[in-house]
Amino acid sequence: MNGIIRQGKVIDATGEVTIKDIYFKDGCFAEPYEGPFDVDLDAAGKIVMPGFVDAHCHLRDPGFEYREDIVTGTRSAAHGGFTSIACMPNTKPVCDNAAVVSYIVKKSQTEGYVNVFPIGAVSKQLQGKELAEIGLMKEAGIVAVSDDGAPVRTADMMRKGMVYARDFDLVVINHCEDPSLADGYMNEGYNSTQMGVLGVPSAAEDIMVARDLILAEYLDLPIHLAHISTHGAVDMIRRAKKRGVKVTCETCPHYFVLTDDACLGFNTYARVNPPLRRPEDVTAIIEGLRDGTIDMIATDHAPHHEDEKDVPFDQANNGFIGFETAFALGYTYLVQPGYLTLAELVEKMSSAPANLLKIGRGTLEVGRPADLTIADVEETWEVDRFQMASKSMNTPYHGMTLTGKIKATLVDGKVVFNDELC
Amino acid sequence: MQLKSKDLLGMQQLDKEEIELILNTAQGMKQALLIGHKKTTHLQGKSVVTLFYENSTRTRLSFEMAAKYMGAATGNIAVSGSSINKGETLLDTAVTIDHMATDFIIMRHPSSGAPFYIADRVNASVINAGDGMDEHPTQCLLDLFTMKEQLGTLSGLKVAIIGDIAHSRVARSNIWALNKFNSEVRVAGPASMMPVEFEKTGAIVCNDVKEACEGCDVVMGLRLQLERMHSALFPSVNEYARFYGINDEVMACAQPHAIVMHPGPYNHGMEMTSNLRYSDQSFIDEQVTNGVACRMAVLYLLNVRRNSMAADQ
Numbered sequence: 001m002n003g004i005i006r007q008g009k010v011i012d013a014t015g016e017v018t019i020k021d022i023y024f025k026d027g028c029f030a031e032p033y034e035g036p037f038d039v040d041l042d043a044a045g046k047i048v049m050p051g052f053v054d055a056h057c058h059l060r061d062p063g064f065e066y067r068e069d070i071v072t073g074t075r076s077a078a079h080g081g082f083t084s085i086a087c088m089p090n091t092k093p094v095c096d097n098a099a100v101v102s103y104i105v106k107k108s109q110t111e112g113y114v115n116v117f118p119i120g121a122v123s124k125q126l127q128g129k130e131l132a133e134i135g136l137m138k139e140a141g142i143v144a145v146s147d148d149g150a151p152v153r154t155a156d157m158m159r160k161g162m163v164y165a166r167d168f169d170l171v172v173i174n175h176c177e178d179p180s181l182a183d184g185y186m187n188e189g190y191n192s193t194q195m196g197v198l199g200v201p202s203a204a205e206d207i208m209v210a211r212d213l214i215l216a217e218y219l220d221l222p223i224h225l226a227h228i229s230t231h232g233a234v235d236m237i238r239r240a241k242k243r244g245v246k247v248t249c250e251t252c253p254h255y256f257v258l259t260d261d262a263c264l265g266f267n268t269y270a271r272v273n274p275p276l277r278r279p280e281d282v283t284a285i286i287e288g289l290r291d292g293t294i295d296m297i298a299t300d301h302a303p304h305h306e307d308e309k310d311v312p313f314d315q316a317n318n319g320f321i322g323f324e325t326a327f328a329l330g331y332t333y334l335v336q337p338g339y340l341t342l343a344e345l346v347e348k349m350s351s352a353p354a355n356l357l358k359i360g361r362g363t364l365e366v367g368r369p370a371d372l373t374i375a376d377v378e379e380t381w382e383v384d385r386f387q388m389a390s391k392s393m394n395t396p397y398h399g400m401t402l403t404g405k406i407k408a409t410l411v412d413g414k415v416v417f418n419d420e421l422c
Numbered sequence: 423m424q425l426k427s428k429d430l431l432g433m434q435q436l437d438k439e440e441i442e443l444i445l446n447t448a449q450g451m452k453q454a455l456l457i458g459h460k461k462t463t464h465l466q467g468k469s470v471v472t473l474f475y476e477n478s479t480r481t482r483l484s485f486e487m488a489a490k491y492m493g494a495a496t497g498n499i500a501v502s503g504s505s506i507n508k509g510e511t512l513l514d515t516a517v518t519i520d521h522m523a524t525d526f527i528i529m530r531h532p533s534s535g536a537p538f539y540i541a542d543r544v545n546a547s548v549i550n551a552g553d554g555m556d557e558h559p560t561q562c563l564l565d566l567f568t569m570k571e572q573l574g575t576l577s578g579l580k581v582a583i584i585g586d587i588a589h590s591r592v593a594r595s596n597i598w599a600l601n602k603f604n605s606e607v608r609v610a611g612p613a614s615m616m617p618v619e620f621e622k623t624g625a626i627v628c629n630d631v632k633e634a635c636e637g638c639d640v641v642m643g644l645r646l647q648l649e650r651m652h653s654a655l656f657p658s659v660n661e662y663a664r665f666y667g668i669n670d671e672v673m674a675c676a677q678p679h680a681i682v683m684h685p686g687p688y689n690h691g692m693e694m695t696s697n698l699r700y701s702d703q704s705f706i707d708e709q710v711t712n713g714v715a716c717r718m719a720v721l722y723l724l725n726v727r728r729n730s731m732a733a734d735q
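Residue numbers (the working numbering), protein chains in the order written: chain A, 1 to 422; chain B, 423 to 735.
No lab work stands behind these hints, which were simulated from the structure alone. Just to be clear, a hint being listed does not mean it is correct.
[Stated by the list, open to error] Below 25 Å or equal to it, Euclidean Cα-Cα: the simulated SDA-like pairs (lysine to any residue) are:
hint, chain 1, residue 1, chain 2, residue 2
1, B, 428, A, 264
2, A, 309, B, 514
3, B, 622, A, 265
4, B, 602, A, 190
So that you can see chain B by itself, here it is in the shape it has in the complex (with noise of 0.2 Å):
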């Protein structure tokens, strides 16, 4: 079996079989991680570029490791510092780097859409890592595969996510691919960051944050998106963390084995508490091992897919 589509773009695009067969070969990635084999072949030969429109810690860096590892030569877009600045598009920015005989094009755009309206123009598979408030699938599958790992399945779960839903691509990512799995989401916030008709997702809307957590297996933070907000959306740091906050009191509500995930960055004492953040019921750190794992297994898996259309012609 192999992937359907040569690029990456969307959870909402995956069907349950192929997001296992990410997850299952990101378990060998993880292993290979984990003893300290870092120098595979799997994409010698290959180049991948990041071109990132936002600002990104662990997302591209993880990609850049992850196909350093596997042998692949890696280039990096930042904004600034680019023709970008000269004013040039989007899409010639990504056509140039196609002609560069590139073979993957990891892009974070701030618009909802952007990787799938530059797919089609390209020869490169397009991985989206995370447009506008859209999807971020790569983030989903580190959670997925975080979530299996400790919890040993993805069937049945109870998965609270708690904070800037209408923001969230985590979000949206999330119950796209946790539906597939008859799991059950339940999403909290303040209502000003609650968009319309969100219960049609198949998430369940939940008005209180214990509300939601009640019996869950997973407690998710998402980071407050202030940058997206063209206006304020709750009034202060304080009340936000006061209502919306994770803490223990609201744990207290989930099963004793939950755990506690937030794909970072994440603002200290906002979204949850530090005590939370450092606990033996958080993943964070978990999640970000595992993240280079699936993006491992992202690209060895397109690589695959890429070769065999190779041959095929």
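So that you can see chain A by itself, here it is in the shape it has in the complex (with noise of 0.2 Å):
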């Protein structure tokens, strides 16, 4: 595919803005040449990034292929400006073999509207007893290892698992909570006291935090700490990249942008796990993109059907959709009221995830596939559940005015989703 994307203000890696035409040719960006151009987009007073990465997402398929399957997923991801998507191992079977691994690439490959990357499973079944095999998943193509959904429970199986993948150059990704402590459905506070349900204290997640920090510091091995939530979190990782650690983590837009507040009235829609905390530390979270502390925004995008949210607060499935929301919630709560430039902003969800799964993606390069995201950062709109393109419609943002619109989505050249950009 070859093509030109005129005018637009482009973001690099070095956070200049400068105006000018992006050239792409066999699907990577060229030096300019002239054409003939198969793609040719005016870009004019728009924001040209490369394409968003998500480090974390669940595509459900296979196996709750009613609540999102590839091809849904990735349209929906294409909606967002994401180009390359990393989706946890949690499926039915479960991605804990070069078989599912296989299937997911093959799918998406065929079917798929942007690049996903399988994230294979530490432990057979997501147990937490015995090795997955993380070698031949690897050839079959996956880009990390993770329980997601949990965490690796004992500290013994972490260890195996972060020694045993350094074999394959992959690194661990960890959703830290410590299981015996988190048994309720929102954050442990008042809301959860008021409202009599149990809660979830911050704790759970600090002390898991804390265990794999340790490991990652004994072992001298990297590891990447799934959607932080807490402060607590924030400050132990922060002291750790102080002291060499080598870790890496992220957040999602739900915890900088939403409270626990919004399960008040028992609200179905706010529940997720880890749970929406306090404003303490939504304000550590800001404070933790702001200086490095969180290295990358994912969305941990989590389709569930209506059935499984429309039904008691204590019942309800945890989780969110996240790709159509991510960037516009990133530029409403962090670029505009100026906590992050809008480059910032673009390196976490583009540059920073690629790098963690060495995809070699999420840059506008010369020589790189040819993946990028265009937004009109001027256009304010609403959230409408019942409009989006994934499969499901759990949002919790539905009614909110956003500032920060994708325009166009363009993977390896190709364009994948266009709104109304000629």
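Take the two lone chains, each set in its own frame, and fit them into one complex as the hints suggest.
This is the structure we're talking about:
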């Protein structure tokens, strides 16, 4: 695919914003050349960014296709400006062997809108007892390992996973939560007290983060901590990074946008794991993003059927869909108030996750695959859960007005989403 | 004046005037009960269904008697023996009941918030008969009725609530209500059964039972909700009774006129000594009678509201 994106405000790795044309040839970014172009888009007045990379999502395929599948999930990703997404292994069957990895890779290549990079299980059946076939899964295409949905339960299993994954140059991504303390449905605090709902204390996350940091430091091996939500975790990771521990971490938009107030009135759309926390945690998450403690923003896109949310509060499934709102939430809640520059937000949504997963994307460098996203940051829009490209509509943001709209998404130079951009 | 909502979901949702209206109405109902007048026509031609997902003796029967005394047709769904055991969801069950032209659904469910979830989805008036650890408004109303009857007022009281606060919807409902009347609620129990930041409810969290009961007008015991405890929160019944039980020694700290209350069912010898339960200070049995009167009042007032809504349409 050959093409040109004309006159956009281009954000590159240095953070410079320049108005220029972007060229690509045979699906990769190229030096300027004289056509002919298959794709010719006018991006005047729009922002042109490296395509977003999501290090953490759930596509539900295979096994839970009534919630989402690879086609609808990647379509939703394309609508949100994501060009590469890494999906967690808690499918049915679990993505703990090369056959399931190959299924996901092949289906996404033939039917998907964007690149899909599977994440393999650390342990067979996510049970935390025996290592999964990490090497064979790497051959089939995984980019990391995780037992996400649950933590790698024992420190022993975590150690084995980290050591073994090193041989295959893979990082372990851990869902940080001490299961013995996580017997609840929302954050433990006054809101859970007054609603009479069992709470999960922030200590549940902090304890697991501490364990993982200790292991990473002891083994001198890299670790990536998923969806950080507490001020305690941010503090510990900041100190560990200063000591040289090889830790990276992500947060999700809901941890810098929402607090547990969203649960009031028994709102099942506000149920997520880890739970929405308190204002002081939101402040710490924003500070962590600002000072670089938190390396990246992931969506934790977690589609659920309406039947799994239209139930009493403690019976609802955890999680939100996230692709289609991620950039606008970042822009509205981080860039507009001045916490991050637009370039910093873009870095946390593209090159940082791309580097973690070592996928050679998330950049506009000449020679790299032409994955890019065009957005209008002047445009405001209202989130409408009934108008999602995802198969599911479980978003807590319904009715919110956000700034920043994705106008087009290109993967390998091919337009996979175009919202009225000629 | 009439109630503002078609449903009775929690004390948090009622204002002081509505609570007073219910209590005043209940007084008339109690007088009728006491003179043996147990057949009125207030709910004639109306239907009341009890839908209980948890065990109950007094609450369910009390609602059923209240409805029958006022002439309503009553139905009762117990979870065992119903389609709930075939996997029917709460919503489907409630909607099904609603489509039998039911006027009142009285609902008890182990999930906090469950009646709030149902109330907007049915035409019937939903009355919360206990939702998880959240609220139990009619228990609270009968507690308030009993306090007012015995102590003459609901303002300026000191009320100690003792025991398993974490799992108690009765404690929460009483705190929300007594706050509105400027009465002081003190709570005490094992710290392992005290939810975080409980003082923000407006209650005073005390470290020991005697401290909580010091100078109190009301001492209320709570049942240990063993079925809601996912793991043991206290070491033994013996130890619980020794440190958190209500006994003569504890009552000596309260006002001489103090009354003893308990929502029942009562675990003998655990939450309070048996001699106290049957003492002159105990109004536990009076609470049961008042429960019928208060539930009659709630049904009556919600029905008035339903009728006026229907008239408006």
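So, going through the hints one by one against the coordinates:
1. B/428 / A/264: 21 Å, holds
2. A/309 / B/514: 14 Å, holds
3. B/622 / A/265: 18 Å, holds
4. B/602 / A/190: Holds - the C-alpha atoms of residue 190 of chain A and residue 602 of chain B are around 19 Å apart, at most 25 Å.
Checked against the numbered hints above, the structure violates none of them.
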